[in-house]
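Novice: What follows is the residue order along each chain.
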Amino acid sequence: QKEVEQDPGPLSVPEGAIVSLNCTYSNSAFQYFMWYRQYSRKGPELLMYTYSSGNKEDGRFTAQVDKSSKYISLFIRDSQPSDSATYLCAINYGGATNKLIFGTGTLLAVQP
Amino acid sequence: DSGVTQTPKHLITATGQRVTLRCSPRSGDLSVYWYQQSLDQGLQFLIQYYNGEERAKGNILERFSAQQFPDLHSELNLSSLELGDSALYFCASSVGVANTQYFGPGTRLTVL
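Sequence order for the protein chains is V and L.
Residue numbering for the first sequence follows our numbering, starting at 1 and increasing by one per position.
Residue numbering for the second sequence follows our numbering, starting at 1001 and increasing by one per position.
Treat the hints loosely; a few may be bogus.
Partial pick of chain V residues on the chain L-facing surface, computed with a CB cut under 10 Å [what the hints assert, rightly or not]:
no., residue
1, Tyr36
2, Glu57
3, Ala90
4, Leu108
5, Val110
Which chain L residues stay away from chain V? Per the calculated CB distances, all over 10 Å, these [unchecked claim]:
no., residue
6, Ser1002
7, Ile1012
8, Arg1018
9, Asp1029
10, Ser1031
11, Gln1044
12, Gln1048
13, Glu1054
14, Glu1062
15, Gly1084
16, Arg1108
Since the hints were derived computationally from the structure, they do not count as laboratory data.
In this text, a Cβ means the ideal position worked out from N, Cα and C, and glycines have one as well.
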């Protein structure tokens, strides 16, 4: 079983739609949860970082963590064509081992 | 721009050869991480250095090695290259050992 599972998509939505991206993880010891955005052939860019269950909002982006279900989500409101990218969830244990474990990424296309 | 720089951007070489990838972390960051991104494996953690010392190892092949120098830049050495080593190699940096990681633009390695 992979430590992090992510629906690879691709996901195509019209401009203005609400997008929901999801990951599940297997180990309850994971403490930190991140979402990265990666444009084609570019480096991953950190979007959201959270360490507790609940919601965290930043502009049009909301990260949601449910530790009891081992489920993390990223919601994008009023999606724009510029949001078209691959979205990667990442988790780690924290502490001395800071290696990130990534999901496979979901390719999102927002159609104008 | 994350502040992490990587050189070269592209590298084309032949099987059996050796290459060196270079990374300069963000100003003030002491930790450097190396990741490999391939189509079949996704983004995988290779190795972490903190202030010149190896901190954590992931799925790094014995043919690969890395180091972090006193000025904090890091190099990833790949030797006896195989076709399967073709991938994007990313460097990331963070302030400490358990902080948010910021990724560089990557080096695209093609082994022919």
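Novice: Quick check: which numbered hints come out false for this structure?
Specialist: 2, 4, 5, 6, 10, 11, 12, 16
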